[in-house]
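Protein chains: 2
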Amino acid sequence: MTRIKLNGISTRAPEGWDKKETKEITEIIVKELDDLQNLLYAEGKHSILVIIQGMDGSGKDGVIRNVLGNMNPQGVNVSSFKAPTAEELSHDFLWRIHRHAPLKGMIQVFNRSHYEDILVTRVHKWCSDKMAEKRMKAINDFELLLQEHNNTHILKYYLHISPEEQHERLAERMKDPTKMWKYNERDFEEAKLWDIYMKMYEDCFNHCDSPAWNIIPADQNWYKEYLIASQLRDLLKSLDMQFPGIKK
Amino acid sequence: MTRIKLNGISTRAPEGWDKKETKEITEIIVKELDDLQNLLYAEGKHSILVIIQGMDGSGKDGVIRNVLGNMNPQGVNVSSFKAPTAEELSHDFLWRIHRHAPLKGMIQVFNRSHYEDILVTRVHKWCSDKMAEKRMKAINDFELLLQEHNNTHILKYYLHISPEEQHERLAERMKDPTKMWKYNERDFEEAKLWDIYMKMYEDCFNHCDSPAWNIIPADQNWYKEYLIASQLRDLLKSLDMQFPGIKK
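Chains Z and X supply the protein sequences, listed in that same order.
Using the working numbering, read the first sequence as starting at 1 and increasing by one per residue.
Using the working numbering, read the second sequence as starting at 1 and increasing by one per residue.
It should be emphasised that the hints constitute simulated quantities derived from the structure, not laboratory data.
Treat the hints with caution; some may be incorrect.
Where chains are identical, the list cannot tell them apart; a pair therefore holds if satisfied intra-copy or between any two copies.
Unchecked claim - Lysine-lysine pairs mimicking BS3-like chemistry, simulated, CA-CA at most 25 Å apart:
hint : residue 1 : residue 2
1    : Lys45     : Lys182
2    : Lys247    : Lys179
3    : Lys130    : Lys82
4    : Lys192    : Lys182
Just chain Z, same shape as in the assembly (with noise of 0.2 Å):
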C-alpha cells in the first residue's frame, strides 16, 4: 500500500507551468466533455461517480460549476452532503448515500460524501477509531458493490490546498459582499483542527483506495480544474463507448 503523506505534496502547479494555455487547453477539454457525457447517456452501460472532498474554501463549489458544470444538466446529478438529518441518522450511515448512486448513463457527482462520516466525525471525536475502521471496510464494499454490480467508475478527488491559501479565501468571504452569505464563523475554529484534519484524510486515502485518491493542488484554481477535467476525460474516453443503433 502507497502511504501517502499531504505536507509532501505540494499545493501547487508545478514551477513554471503555464497558466494561460492550461486554462485555454481546459476549455478545449471541457467541450469534449460535453460530447463524451452525451455518448455516455445514449449507450446508457456505464455510470460515473465523482467524490469531491477538501476543506472549506477548497474550491469544491468553484470544480462542479466550471468543469462538471458545464455538461447537460440532464446527464449529471450533484449531491451535496450536510449534516445528517433525524431521518439519515436513523439509517446506517451508508443509506442517504446509496441512494443518490449514479444510474447507468449519469455522472453523479458527491460535494462531500461518505468520507465526512470517517473526517469531521472523527476530528471530534463523534465517532472513535474502532469505529471508523467498520466504517472504512464497509465503505470499501460499498464502493466495491457499486463498481461491480453497476459499472460505476469512481473518481476520488482531494482537494489539497495550504492553510494560508484556506485562510485567505475564508477572509475574502467577509469582504465580498457577494461572498458573505458563505461566510460562517465556525470555518475558522474548524481551521484550527488542521493537523488532524490531514491526518484523518490520509487514514482515508491510504485505507480506502479502491479506487485510489486523487490528490489535487488546489491552490490555484485554474490548475485544480485542468487536472480534473482533464482525468474524467481520458476515463470516459477509456470505456471505448459506441451511440446505440436503433432498437428493435
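Following the hints, complete the assembly by docking chain X onto the known chain Z.
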C-alpha cells in the same frame, strides 16, 4: 377564463424576426441567468419551478441543455418524469412529483410532469374525463401549495411545434447515428393521435391556469430558447433579491 386554442397560435417566430441578433441576445441573457441563479441560491428565499411539456421532438431536452444547463448545477435540478414505477403507482399521482418540489434557493426543472397524468393517460383512455376533472383540481391545489407555502414561482411551458416539424425531427432520429438511440417506433404511433393530444393539452391550459401556461412557438430552436431564457430572467429580476450579509 381565456380559452386557448392551439391551432390559432403560430409555431414560428413572427415574420422578419432576426435570427442572428436573437441568438446573440440569448447568449447575453444566459450569462445574466447564471448570476441571477447565484443570487437566488445565496438569498435562499424563493424557489423556481419550470415545467416543460410538449410533444415528442418538440425540443424539451434542448431547452434544458442550452438555457437551463448553463447555470450552476448545484442550484439547478432536473427531474425527468417517465412512466411511473410500480411503487409510484401505489401512491396518489402527485406523490412522486412532490418529492421533487424545489427547495428554497433552487431552480427545479420538470421534463414532463404531473400533467402527463391528464395527457397521455387521457389520450389512451387510462384516465376518464371525470377522473381528469378531479386530477385537475388536485393539480391546482398542489401548485397553490407550492406557491403559497414555499415561495415557489412556477413557469409552465408548452413547446408548440407543428406536426410537420415533429415528423421531420422524428425522422432525423432514424438517420443520424448519434440520435438513433432516441428513436422509438412508438413515437410515430403517438404522433397519429395529434388532434386528441392537442385537445387534452388545451384542457390543461384552460383548467390549470394559476399560473397561466406559456405557449412557446417551438419550430425554431433559437426563438424558443430566447423566449424561455428571457422570461426566466425577467422573473428572477422581478424578485428584487439581495445578497445576505454575514450571518451572526
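Indices of hints not satisfied (ascending) = Per hint list: zero violations.
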